[in-house]
Every structure is written in structure tokens, then in C-alpha cells.
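Those sequence lines, one after another, are chains Z and F. Take the first sequence: its position 186, counting from 1, is numbered 403 in our numbering, and each next residue is one higher. Take the second sequence: its position 145, counting from 1, is numbered 146 in our numbering, and each next residue is one higher.
One or more of the hints may lead you astray.
Unchecked claim - Which stretches of chain Z does chain F cover? Using the computed rule of at least three CB atoms under 8 Å from a CB of chain F, they are:
#1 295–309
#2 338–346
#3 349–358
#4 463–469
What the hints assert, rightly or not - Example chain F residues on the side facing chain Z (calculated, C-beta under 7 Å, incomplete):
#5 Pro48
#6 Gly85
#7 Gly167
#8 Val169
None of these hints come from the bench; they were simulated from the model. Virtual Cβ for every residue (Gly too), placed ideally from N, Cα, C.
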Amino acid sequence: MALQDIRQRSGYLFLAVMLGLVLLISAQVNSRSGVPVLESVTSGIFSEVQRVLSGGVSGVRRLWSGYVGLRNLRAENEDLKRQLAAAEIASQEQRALADRARGLEKMLELRDRVNLRTTAAEIIGAAAMPDFRTLTIDKGTRDGLGPDMAVIAPAGVVGRLVAPSARSAKVQLLIDRNAAAGAIVERTRAQGVVVGGGNERLQMQYVSEASDIAVGDVVVTSGIDGIYPKGFIIGRVETVEKNGPAFKRIVVKPAVDFSQLEEVLVVLTPTPAKEAAAGVSE
Amino acid sequence: MKAAGVILAVVAALALQTTLARFFVRGAAAVDLVLVVVVYVALTSGPATGLLTGTFAGLVQDALLPNAVMGIGGLPNGVIGIGGLAKTMVGFLAGVIGTQFIVSQPLPRFVVFFAASVMHGVVFMGLYTLLDLRHFGAPYAEVGVQSAANAVVGVVAFQMVELLPGAVERRRAAKSRLRR
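Produce the complete structure using the sequences and hints provided.
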């Protein structure tokens with residue numbers, strides 16, 4: 218009966234719910250630290266649903282491709298792909314090493330770069346809303362993952378961990394509107410910040426008008442943000458325009474095809490900038 | 002019973018959204034299946050059920066975003082309640098329209114789904130921009146394409162839900178006539 222009354226007075230119900238939601242939003246906007254319990258619990262439960270669903274989808278896909286494909290060729294193909302991915306990662310590390318040698322960096326930094334520890338993770342889900350560019354991976358704090366760890370793929374930088382739970386973690390893609398990374402143009406060493414725009418392109422900002430940037434230049438991570446290790450490929454310069462008297466407007470095409478990702482590597486080794494920051498806070 | 006059905010529909014839409022969205026992560030015009038469910042429920046069940054469905058669906062969607070984690074620029078990535086508020090408004094207004102107007106043809110339904118999606122986009126992005134939490138630039142084309150995609154999916158879903166039971170009945174009747 219009471220429920221019937223409420224349903225008949227939907228205007229009051231609407232106002233009450235709106236008030237509650239406004240209060241909820243206000244409470245969060247005022248306190249910007251910590252992960253809300255609701256998010257943690259819901260995310261944890263839903264990641265299990267995603268894991269099961271992803272397992273089901275993967276199972277069906279494997280069954281189908283096993284049925285229609287030639288098994289031996291497929292296995293060989295998978296093996297070659299793995300080898301290629303490993304070779305590309307090694308190639309990127311070599312590229313970064315060469316950069317550092319050219320830049321006369323210290324031997325200690327060089328050793329850190331070589332000793333980059335990573336862990337592989339499988340993608341099990343995507344963002345619940347199209348306006349957010351995130352992915353869910355099947356590893357979490359239980360596997361040694363923590364917030365702000367860099368996530369890479371053989372092709373280049375994918376993003377960073379933002380909300381790790383025990384058995385899963387959310388990855389904020391570099392193309393998300395709130396994502397950014399310190400970047401450097403490989404050829405001319407011009408520095409800037411690469412930011413996501415919510416679509417499939419990145420923008421490199423704060424690059425001086427005097428810098429020499431050309432279409433096709435490779436943009437790599439600079440390592441100054443304390444999240445991404447130095448020297449990993451972000452993408453290639455697609456367009457360069459003037460943006461006012463001081464800066465250039467640069468559009469970068471990401472090296473990673475985010476729609477084709479199935480597995481990623483999470484970098485466990487803290488960057489020198491992050492270690493330095495931790496040392497200062499201690 | 003009805004509440005369980007609505008919850009099931011929202012969860013199914015979310016599961017489908019999060020499973021399929023990764024394959025379309027590059028596309029700016031991804032469909033918001035949860036919004037489609039909210040508008041559908043609102044049109045078929047009225048403003049009270051519509052707004053409650055919107056609140057529930059929006060809050061769950063918000064909770065699945067990486068909330069309250071600071072971005073590099075010091076901005077949080079998401080706030081629980083903004084999606085809930087946007088979907089509550091959409092659910093309520095779609096429910097009011099469903100009770101005040103005859104929305105039984107594909108074209109009016111398309112218009113309602115499209116308008117609801119535009120309104121959702123305006124409220125959602127507007128609140129994030131107003132609170133200085135996230136900047137969307139000028140996403141007119143993105144919102145337009147998303148709304149059109151939502152509307153198409155909504156109208157098709159409506160038609161399927163309405164036509165499928167009838168088609169099954171007709172087929173059964175035809176079979177029983179043949180047996181006689």
C-alpha cells in the first residue's frame with residue numbers, strides 16, 4: 218500500500234532520489250582521496266562476472282577456431298606471435314637503451330632499464346560507460362600490482378593501473394580524457410605532455426613553437442611523470458600545426474591498437490622518478 | 002517479480018556492454034545499452050519505475066568506473082552518482098512521456114530514445130564539466146552519433162520484445178491447424 222502511494226507520487230520520489238544523488242556526489246567531490254567502499258565491492262563482484270563471461274567467450278572462440286582452423290598451423294602461428302611480441306618488447310628496450318647511451322646517461326639508470334620487471338595479464342572487460350576509456354585485466358593486488366603502474370604492449374604504451382582490487386585491476390588507457398604521459402620526440406628530443414582526448418588520437422601539448430617536429434616522428438615516453446618508464450613508444454606524429462605564438466598543436470596516432478588488445482604487460486619496477494618521490498616522502 | 006526482471010535486464014545490459022565494448026574501444030560512438038534498458042523500462046512502466054531503474058543502473062555503472070582515483074592532472078576519473086543522477090532524470094522524464102503521449106510506433110519511440118540519450122549526454126558531461134572533474138571539449142558529433150545508435154538499438158529491442166511472442170503464438174497456431 219505504502220509502495221503504491223510512493224509510486225503514485227512519483228514527483229516526490231524523483232525529488233528525493235535527486236537530492237540523495239546530489240548529496241552523494243557532493244560528498245565525493247569534497248573528499249578526493251581513497252577508493253569508496255561501494256566502488257571496491259561492486260568492482261570486485263563485477264570483475265568476477267567479467268572473468269566468467271570472458272572465459273566463456275574465450276572458450277567459444279577457441280572451440281570455433283579449433284574446429285575451423287588447422288591445429289598445427291594455429292599452434293605454430295601462436296608460437297610465432299609470442300616470439301614476435303617478445304622480440305618487439307626486446308626491440309623497444311634496445312631502442313630505449315640506445316637513446317640513453319646517446320644522451321650520456323648514467324650507468325645506474327641503464328641497469329635499471331634493463332632490469333625492468335613485468336607481469337603478463339589478460340584483458341577480461343571494458344568500461345561500463347562509453348565516455349570512459351578503461352579496460353579490466355585479470356590480475357590485481359594479489360599478483361603484486363598497485364596503482365599507477367605502467368601497462369604496456371608489444372606495440373607500445375597502453376596506459377596505467379588506476380583501481381587494482383585483489384584479483385583484477387582497471388587500466389586507464391592513454392586515450393582516456395583524463396590520461397596523460399610525459400613524452401619526448403625521439404628524433405629531436407623535444408619534450409611535451411601527451412594527453413588523451415576520448416577518441417583514438419592523442420595530443421602532444423606544451424611543445425615549443427621553436428621545436429623541430431615533423432609528421433611521422435616517433436613519440437616515446439620521457440619518464441618524468443613517474444609512471445611510465447623512459448623510452449617506450451607512444452605513437453607517431455600525425456599532424457603538426459601552430460597553436461598560438463608559443464606552442465605547437467601536435468596530433469599523435471597511438472602505436473597500440475586498443476581494440477585489438479588481448480594481453481598486456483604490467484611494469485612492476487618503479488620508475489626512478491617514483492622511487493625518488495617515495496624517498497622524499499619518507 | 003518485476004523488480005527482479007528489471008535488475009536482471011540492467012545486469013545483462015552491463016555484462017554485454019563491458020564484454021563487447023572492448024572490441025569497439027576505438028569507436029567514439031559506442032552504444033550505452035544500460036541507458037537503452039532504462040528508457041525501455043520507463044516507457045513501459047511509468048515514471049516511478051523509470052526513475053528507480055535509472056538510479057539503480059546509473060549507480061552500478063558509476064561504481065564500475067575507476068572512481069575517486071586521481072588522474073595525472075589531479076582530477077578524479079569518476080564520481081559515484083553523476084551517472085545515477087543523469088539516468089534518474091532520463092528515466093523519470095521518459096516515464097512521464099510514456100504516460101502522457103502515445104509512444105507505440107517506431108518513429109515516436111526513436112525520438113524518445115534519441116532525446117533521452119542527448120539529455121543523458123548533456124547532464125552527464127555537463128556535471129563533470131561543471132564540477133571541473135573531466136573535460137569533454139565539444140562532443141556534439143559524438144553525442145549525436147551515440148544518441149542515434151542508442152535510438153536504433155532501443156527501437157529494434159522494442160519491436161523484438163513486442164513481435165516475438167506474437168510470432169511464436171502464430172507459429173504454434175499454424176502447427177496445430179496442420180495437425181487437425
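Right, here's what the structure says about each hint:
Restraint check on the stretch 295–309 of chain Z versus chain F: 0 residues with Cβ-Cβ distances below 8 Å, three needed, restraint violated. Counting residues of the stretch 338–346 of chain Z whose C-beta lies closer than 8 Å to any C-beta of chain F gives 6; at least three are required, and the coverage claim holds. Counting residues of the stretch 349–358 of chain Z whose C-beta lies closer than 8 Å to any C-beta of chain F gives 5; at least three are required, and the coverage claim holds. Counting residues of the stretch 463–469 of chain Z whose beta-carbon sits less than 8 Å from any beta-carbon of chain F gives 0, not enough to reach three: the coverage restraint is violated.
Given the 7 Å rule on beta carbons, the hint for proline 48 of chain F holds: about 4 Å separates it from the nearest Cβ of chain Z. The beta carbon of glycine 85 of chain F is positioned within 7 Å of a beta carbon in chain Z (closest approach about 5 Å), and the interface hint is therefore held. Residue-level restraint check for glycine 167 of chain F is violated (minimum Cβ-Cβ distance to chain Z is 29 Å; threshold 7 Å). Residue-level restraint check for valine 169 of chain F is violated (minimum Cβ-Cβ distance to chain Z is 26 Å; threshold 7 Å).
The structure is inconsistent with the numbered hints 1, 4, 7, 8, although it conforms to all the rest.
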